[in-house]
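Enquirer: Okay, here's what each chain looks like letter by letter:
There are 2 protein chains.
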Amino acid sequence: MELFNYFRSSASFRVRIALALKGLDYDYRSVHLAKNEQFKESYAAVSASRLVPLLRDGEASVTQSMAIIEYLDETHPEPPLLPREALDRAYVRALSQDIACEIHPLNNLRVLRYLTQEMGVSDENKDRWYRHWVETGLEVVERRLVGEERAGAFCFGDTPGMADCLLVPQVFNAQRFHARLDHVPTVMRIHEACMKLDAFAKTQPSACPDAE
Amino acid sequence: MELFNYFRSSASFRVRIALALKGLDYDYRSVHLAKNEQFKESYAAVSASRLVPLLRDGEASVTQSMAIIEYLDETHPEPPLLPREALDRAYVRALSQDIACEIHPLNNLRVLRYLTQEMGVSDENKDRWYRHWVETGLEVVERRLVGEERAGAFCFGDTPGMADCLLVPQVFNAQRFHARLDHVPTVMRIHEACMKLDAFAKTQPSACPDAE
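If you read the sequences in order, they're chains A and B. For the first sequence, full-length UniProt numbering assigns the number 1 to the initial residue and increments by one for each residue that follows. For the second sequence, full-length UniProt numbering assigns the number 1 to the initial residue and increments by one for each residue that follows.
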């Protein structure tokens, strides 16, 4: 397998964690977003969206980080990243989507660029925007985890799974933009539990081959 | 089952379509977003995120539209909304996420409110923002559909499924904000095929009990 990705892309980081949790080897292909390499013809030829990550598995391409993680879980079932029961699966997916649909899209590089370059928003306000969505979005994740019997050492029970693959990269982004995190102690407890594991620590942005 | 939702919420519309495709009955519970009913204590008691839709199934609550649709598909398998093969499932999920993660979050009511009320963006620029993400986002969906053997009369083959549940509400939003759609003929062809079916036509915003 080949993973087209970028060290700082949090959607890429999610998939790196999932591949590591599954113990799967892959070739790391760097697509440098800040240098606009995603728009190069060679990448456009394989990616309709010009976004990372993209997983090549033989002749097939899979995009969208959550779709890739579920694909890996279906094709390499052990260890499972989603639970078995429908309601438990729905909880893990919803928690993942609380991050992937409510927080991350607002803080994507292309969105931040559009805010400053097209909407005339100042850098200061752009940073305020970033922190606002991370802080309020993680508050939702915190409320869900606190009210949820299914949460344990990790988002679901005591083994890491799909929701953890999304939570950790989001905390990295929050820290990078100096967002508040003292209001989400459960999020941070789980984040710290994850970071003790190689699957998370060895795939973090600073450990990537294209890290700057 | 009970569906907490709002006629104009496109994430709600996705789930109404899925329930209709499955032929499932439910009680329609209106949460009027424009009147901020999602912040009322009675709703906050069941919803950590204060977002719609939320499906109550007995004592259980499920949130996030894609998680709800997959839950319905797992608990009521016929007719299936996702295909069987892992690569096909990944395609349907990725296409759904191209809408749910890349287009819709940027055009949510709370995001538009934040742009005008907190970022000082004019109404005109807010509308430009809206159209930009819909038009460029649907262009990605179009490119994916055109390059994809799996697409047929609908997003996957010749029966409607999860990706169609996301595509149609997004086109409704685009039309409401007068976005360009002439550059996405395949999207529009599939949209029109869907709208010929009761599951889509009878759950559209104007047909809802809380429609204005």
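Treat the hints with caution; some may be incorrect.
It does not matter which identical chain is meant; a pair holds if it fits inside one copy or across any two.
[Unchecked claim] Calculated lysine to any residue pairs in the SDA-like style (CA-CA distance at most 25 Å, straight line):
| # | residue 1 | residue 2 |
| --- | --- | --- |
| 1 | K22 | S42 |
| 2 | K35 | E139 |
| 3 | K126 | E74 |
| 4 | K196 | G157 |
| 5 | K40 | L24 |
| 6 | K40 | E139 |
| 7 | K40 | F177 |
| 8 | K40 | E142 |
| 9 | K22 | E74 |
| 10 | K126 | L112 |
| 11 | K40 | E118 |
| 12 | K40 | A86 |
| 13 | K202 | L87 |
| 14 | K126 | N108 |
| 15 | K40 | T136 |
It should be emphasised that the hints constitute simulated quantities derived from the structure, not laboratory data.
Enquirer: All the hints need checking, so say for each whether the structure fits it.
Expert: Hints and how they fare:
no.	hint	verdict
1	K22 <-> S42	neither (29 Å within a copy, 42 Å between copies)
2	K35 <-> E139	between (33 Å within a copy, 23 Å between copies)
3	K126 <-> E74	neither (39 Å within a copy, 41 Å between copies)
4	K196 <-> G157	within (16 Å within a copy, 44 Å between copies)
5	K40 <-> L24	neither (28 Å within a copy, 47 Å between copies)
6	K40 <-> E139	between (38 Å within a copy, 18 Å between copies)
7	K40 <-> F177	neither (28 Å within a copy, 32 Å between copies)
8	K40 <-> E142	between (39 Å within a copy, 19 Å between copies)
9	K22 <-> E74	both (11 Å within a copy, 24 Å between copies)
10	K126 <-> L112	both (7 Å within a copy, 15 Å between copies)
11	K40 <-> E118	within (23 Å within a copy, 36 Å between copies)
12	K40 <-> A86	neither (41 Å within a copy, 29 Å between copies)
13	K202 <-> L87	neither (32 Å within a copy, 28 Å between copies)
14	K126 <-> N108	both (12 Å within a copy, 18 Å between copies)
15	K40 <-> T136	between (35 Å within a copy, 17 Å between copies)
Checked against the numbered hints above, the structure violates hints 1, 3, 5, 7, 12 and 13; every other hint is satisfied.
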